[in-house]
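*Asks:* Letter by letter, the chains look like this.
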Amino acid sequence: MESIQYGLFLLGAIFCAYRAIVSKKILSATIYLACISALVSATLYLLGAAQVAVMELSVGAGLVTVLLVYAVSVVGDDALDPASVIPKPLAFVLVGMVTILLGFMAFPAIQTNIENSSIALAIALWQNRVLDVWIQIALIFSGVMGVLGLLSEKTPGRTEEIHQ
Amino acid sequence: MFTPLNVILFGVVGLLGVGFYGLLITRNLIKVVMVLQILIKAVILALVLAGKLSGNMGLGISTAATVLVADTIVAVVGLALAVQVRRRFGTLDVPKISTLRG
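For the protein sequence lines, the chains are R and G, in the order given. Just so we're aligned: the first sequence equals residues 3 to 166 in this note's numbering. Just so we're aligned: the second sequence equals residues 8 to 109 in this note's numbering.
Please note that a few of the clues may not be correct.
Unchecked claim - Straight-line distance between alpha carbons at most 20 Å, and here's what the computed EDC-like set of lysine to aspartate or glutamate pairs gives: (1) Lys27(R) / Asp100(G); (2) Lys26(R) / Asp100(G); (3) Lys90(R) / Asp100(G); (4) Lys59(G) / Glu4(R).
I should point out that these hints are in silico values taken from the structure, not numbers from a laboratory.
Starting from the given sequences, assemble the full structure and let the hints guide the process.
*Replies:* Below is the structure:
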């Protein structure tokens, strides 16, 4: 039963991912991306990672979708994906080979029994990985400052005002 | 064969495959950011799965949260860059942008 649930969620996510990639309109692709986020967060919740599921749902399906819609509204007519440079059959064959190889390499990891050394999330995050937390905080601030700088409109300079 | 963890592993590999395919065939800069998002979702799932497999769920969740934060910043900055590129060069086509000067 659990396998069927996981299978349905992940097949849905893979289908949405494929539709997001092949759809010509970026707005449609944005909606498909939000669906992938929702399905992946449901899978994460079933896996027992409720904290990450909530973050994924709020950030992936919420914030990133809003930003993508904003970007599409700004770029307007350019929100169409032109035909690919690499022939699609070649890309498909290459990716198929890589995916099969990845599957063969990753599959034995599932069968390995590693001893249980469970650490609570709070200890893992706030004690063992405290440096990562500080880096995350710095990353968030730098991201906000970068976006403020990048999205700012170009203001007319003093010389332009004089000429006008 | 079809245990829950095997199914999740197949899902992760499938999402990664679709993401790689998208990276190869996509030319629009905004869509490249979207494809990166798909790849990162697969990675987050793989990290939580690894945590579950090793019996160290706390470490898997905290690592996935770190990746999620970094991924969001990548998306935000990437989209802002795409908007600025569109304003400056008038196109979002990656091959055209890479041949432009100025």
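*Asks:* Work down the list of hints and note, for each, if the structure agrees.
*Replies:* A quick look at each hint next to the structure:
1. Restraint check for Lys27(R) and Asp100(G): satisfied, since their Cα atoms lie roughly 14 Å apart, inside the 20 Å limit.
2. A distance of roughly 13 Å separates the Cα atoms of Lys26(R) and Asp100(G); the hinted pair therefore holds under the 20 Å criterion.
3. A C-alpha spacing of about 17 Å is found between Lys90(R) and Asp100(G), which places the hinted pair at or below 20 Å, so the restraint holds.
4. A hinted pair counts as satisfied when its Cα atoms are at most 20 Å apart, and Lys59(G) with Glu4(R) qualifies at roughly 15 Å.
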